[in-house]
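These protein sequence lines map, in sequence, to chains A and Y.
In terms of our numbering, the first sequence opens at residue 1 and continues consecutively.
In terms of our numbering, the second sequence opens at residue 1001 and continues consecutively.
None of these hints come from the bench; they were simulated from the model.
Hints are supplied without guarantee of correctness; some may be wrong.
No farther apart than 27 Å at their CA atoms in a straight line, the calculated lysine-lysine pairs in the DSS-like style are these [as the list claims (entries may be wrong)]: (1) A:Lys501 to A:Lys396; (2) A:Lys864 to A:Lys718; (3) Y:Lys1009 to A:Lys785; (4) A:Lys675 to A:Lys870; (5) A:Lys591 to Y:Lys1009; (6) Y:Lys1009 to A:Lys718; (7) A:Lys559 to A:Lys400; (8) A:Lys718 to A:Lys591.
Bear in mind the structure is a predicted one, so any value in this text is a computation, not a measurement.
Here are the chains, one letter per residue:
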Amino acid sequence: MTARRLDKGGRIDRSTPVNFTWDGKALTGYAGDTLASALLANGERVLGRSFKYHRPRGIMSAGVEESGAIVTVGEGARREPNVKATMQELYDGLSAEGQNAWPNVRFDLGAVNGLFGRFFAAGFYYKTFMGLPPFEWGHGTRLWMLYEKLIRKAAGMGTASREPDPDCYDHAHAFCDVLVVGSGPAGLSAALTAAEAGRDVILVEQDFELGGDLLTDPAAEQQRLDLVRAVEAAGARIMTRTTAFGLYDNGAAGLLERVTDHIASPDEGIPRQRFWTVRAGATVLASGALERPVTFENNDRPGVMTAEAARVYLNRFGVLPGQRIAIATNNDGAYGIAGELASAGAEVLLADMRNGDVPETPSGVTQKSGVAPLRAIGRSGVEGVEFASRSGDSWKPAGKEPCDLLLVSGGWSPVVNLSSHRGAKPFWNESLACFLPGETSEPIFHAGSAAGVWRREDCLASGAAAARKAMGEEVEEVAPGGWKNAIQPVYEVRLPDSHAKAFVDYQHDVTGDDVRLAHQEGFVSVEHLKRYTTLGMATDQGKMGNVIGLALMADALGKDIPDVGTTRFRPPYTPVAIGALAGRSVAGHFKALRRTPLHDWNLRHGATMTDAGVWHRPWYYAREGEGIEEAYIREAATVRKTVGICDVSSLGKIAVQGPDASEFLNRVYTNAFAKLPVGKARYGIMLRDDGIVMDDGTTWRLGEEDYLTTTTTAHAGKVMVWFEELLQSRWPDLKVHVTSVSDHWAGVSIAGPKAREVIAACLAADEDISNDVLPFMGVARITLKNGIEGLIARISFSGELAYELYVPAGQADAMMNLLWPAAEAVDGCLYGLEALGTLRIEKGHVTGAELDGRVTIDDVGLGKMASAKKSFVGSALRQRSELLRENRPQLVGIFPVDRSQRFKGGSLLCDPDAVTGFGEGWITAVTHSPALGHWIGIGYISGGAAAWKDKTAVAADPVRSGNVDVEIVSPHMFDPEGVRMHG
Amino acid sequence: MAETLSALKGHWPRTNVDRDGTRGVTLAEVASFHLTQIAAWPDSLARVGGDIAKAAGCDSAPGPGRAHEGTNGTLLRIEPLKWWLVEAAGTSGRTSVSGADRAVLDLSAARTWIRLSGPKASVLLNHFLPLNLSEQAFPEGSVASSSFHHIGVTLWRDEPGYNLFLPRSFAVSLWELLVESAVQYGYEVA
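One chain only, chain Y, in its complex shape:
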């Protein structure tokens, strides 16, 4: 199989940046993953939710604005009738979520997945995203669609930090903004 190229190839910072001896943000890209959209109809929502929860290996399908991590992947509820199943590549092949009462769509190449962690991760994100990222308002397992420099993006919070899904065609442009702004906090690219 031919090599899959990240949109960020060639745009990665050459060095880490220290700020007052610390690095406030760790930036990383998950370069290889599967992203499958499962869209249900109002009358099949519960059934599809049950099916995909089982497929993903979690107890239930998440409600709006939430993510559930399962053994096979993570389900994000990104719209009232839509979930994303996110699977890191190379773990266990792709989970089958097809069925007659739903629309399944491969979006793996449509997004660039960036992980942000560290004490300044939320501060950095808030330079661009108008989201309340406090522990109370956006705890672990939260999902939001938001706007980053006028571009629609998806944010999901898990235990290590934040996962930002950028439309691939805008990924370099938005990535440059993130890195340039991260200089003030110091950063490490993992």
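Chain A with its partners taken away, still in its complex shape:
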């Protein structure tokens, strides 16, 4: 192949040279080039090495179906493997290199694989390495486990950067009446027709220029410009460098817009790609057709490409891809390019596989009939072609011809991928030798060559007709076809008994013999064939090889192609970067961070934060020289001694309002709520329908029809959804509205013997929170001395005299600026989740760790809260015998027998005689208890504390700290009578 850039012609800008490097070599192309066209113009032939056999590969096409020039582009963090050179726009400074080769694609030691090619047939790895003879003859995978790593290392194409992706990506949504995919004659015509009829149209084109087939016909340039201008004038939204990669339910289409992949130094504020979700009323697929190769020996040599590719390189990029060109065709489509190549100065031999009527031979072209390519001669590049002619059902040699470029046209395959995503099964058209798009009940319409319409004027009409159908009009279809002389299907050319390498799927090195072997081994279903041989499973998704593979399978089975069936295409049509899928949901935005109103205040006051679901909550407030352990023990001890303040804003808060609010809560909670007085709070437990505990919390009655229900942080969303569901589907007759007010209120818990004193110091002059005015479980509206109005409830999670104080979120800082100095004045502290955990474990209070979706209200020791006088959610199914079993695991406290020892959360609780299996229970949480002076835990054990009285258990932690003898005690390990919180 001796390609060269012509002095004129093409759409490139010869006044704007573009410098780039290929395998470290400095080369120059022009603005408007693709990497492939520039490499071709520079005479580069071997651009890749094949997947399995490391065979040299060159440019095979000029589009998305490229299977040879698959390269690595970019450096450092922007290094991207498996880029099709045909789709990569050239830019100044572009750096590209070959892949899957060492030391380089021109001389690759991996090519030794080709010598063993006969062993690398379909299923090679599984046959050879699973049950490796003679060591594991026919059984076992132990050796496979060893080999697998090596095999996986040897497989794969190219290597991605190990550095974090420096680019940003956006997601985007768009809506339109008509989405037109493809901007060839049919697409432009469809977009124009719909837009001129007033429809909102989005036209997407994967190329960087509009026009499709028109771009390769210099004589049609004015027509292209007129059409594009008309589409723009009609108001269609046009997206170039954008691939519609998938169609989904209800008119949704996935698009990938490549925003900066063609720019040398993109601005970092501009996303590299945008991942669009377009919702369209109707979709017109004018996605074109792809030219098929033919399977023959060495049909993958650099210098073998599709005839259409040569047309693109000549007419669009001004590159004459060869000097002595042989064209092998079985249809009329290649005759035009034959004449164009001859006019450009090449010596052209056109070999038509047909014997019958063929078009007139173009001027300057030598024509042969009835011969097909049998073998490409040459290794790193084509040096000639050996032809074959028909001999009965087979072929026989028919002479050789020298050439430096072998163009092949084995027919055309309409791009039916997108409608196939929607389940439209393509059907085989015998006379056109291709699959045409199948029927679908969805508003998806095909136009142009995607519908098998070959001639340009027919494509224009087809586009207009598809647009009118998309607008709901009854329109006569444009019939597929358009060639004067019929195509003669030829899928493979081989001599009887030949086993030379002749490729069906270039990207995965699947040969015709592999397909026949699969058939021999019983893989007769096309789905099995695909998986066994990996045919069509590479990045081109079978764009080049699928039809040939089907034809060969049909031949082996003695069936026709439609009887073999076809696999369904799946998204994406072309690869989509993971970064584009992720969009901006990366790093700190992987999930939205939820901040309490005191987030920044907490950070300013020394909080170390921890994740609590999507929240960040203060974990501990270390003072100088403290680690987490010292900090939380000090904080917990301070709460018991003086006072501590804890940010509890993340608790779920639901306003329950309406005349039936009491009735609603009474049905939801296990205990009685009907008679809760205004100004009082009550602790409640709610069950699921199946009788298992869902959540707990306090509910405050603020008014006759006005409640504030609190939930755990973890279950806030779930409880809110549950309330809505109950009201909408189960009890629509109840006049109750529920609204999340979690974000409205900032909440703090002020706990400790001096809690009342600290709060009192912050209240407006006429406020009183004495025990008489605000007793245990009392609730009041309250005003702070800086005028902030809030709510106060005397409730305790820590077991101390404690209050929860809520103010509107925007006034959280102002509240703390009063409370914190008052607490500091009595040697109080701020405390975080860790100390909160300590305090509640000492008291045996449960959290999400204990309410884990497995336990009953009896298991947590609160069975007496389940009313026997009323019905509530879960009241029936909690009576199941399994849930009433006496030896169920029940909530207990846990002490180490040797008080100097510690044990870990997650340990299993076992009988000392049977430290095995799941044991008798488990530990949910542990802490060092400053109040008790040793480590304690909380958890569940069969039969509860009563069953383990005077009996030692073992906290078994086989993979971490080993076994510790423990004593099982009541979960109320500190102040069991609750004297302190009632004080």
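Given chain A, work out where chain Y should sit, using these hints.
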């Protein structure tokens, strides 16, 4: 009265960003406002609607997906049985909308109110919101509940542009996403 702090305090971009000499989006926060939810019952819907329209100073209460601007505030119909009355603070005190046949709830601190305007405002919003924001589908006076990075938000379109109500606890996180994405269009923070 103590100062009311915006959730976005300390998270505001330091500078405006130009893109090709222009700023495609103007971002602003309405830091101080009253947001009152009025929920009716099926049998009191019309009566409550009439009452609150009068209170807000508009002709009628808006139907689903619509907003009506009145002299005292704007009513948004955010659910079949619920309206929001949005009042900019400092105009004329709070409008009373209480009554026996409804549930009234103060949500002023529960939301962060961001205003977006400029030629790229809808494009920017569509990076996150799966809503058709065309003039035909979402004209002035439209209201929608939608999802922004999996978080429920409320969008209302008025004459200058879009009003986005974010749950306060997620406001900083969503605001960061908006600002980061707005860089590509250039922005001005008002």
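Results for each hint:
1. A:Lys501 to A:Lys396: Answer holds: Lys501 of chain A to Lys396 of chain A is near 17 Å, not above 27 Å.
2. A:Lys864 to A:Lys718: Since the Cα atoms of Lys864 of chain A and Lys718 of chain A sit roughly 25 Å apart, the hinted pair holds (cutoff 27 Å).
3. Y:Lys1009 to A:Lys785: 24 Å, holds
4. A:Lys675 to A:Lys870: Judged against 27 Å, a Cα distance of about 13 Å means the pair holds.
5. A:Lys591 to Y:Lys1009: 21 Å, holds
6. Y:Lys1009 to A:Lys718: 30 Å, violated
7. A:Lys559 to A:Lys400: Answer violated: Lys559 of chain A to Lys400 of chain A is near 33 Å, above 27 Å.
8. A:Lys718 to A:Lys591: Within the cut-off at roughly 18 Å; holds.
Going down the numbered hints, you'll see the structure goes against 6, 7, while the others check out.
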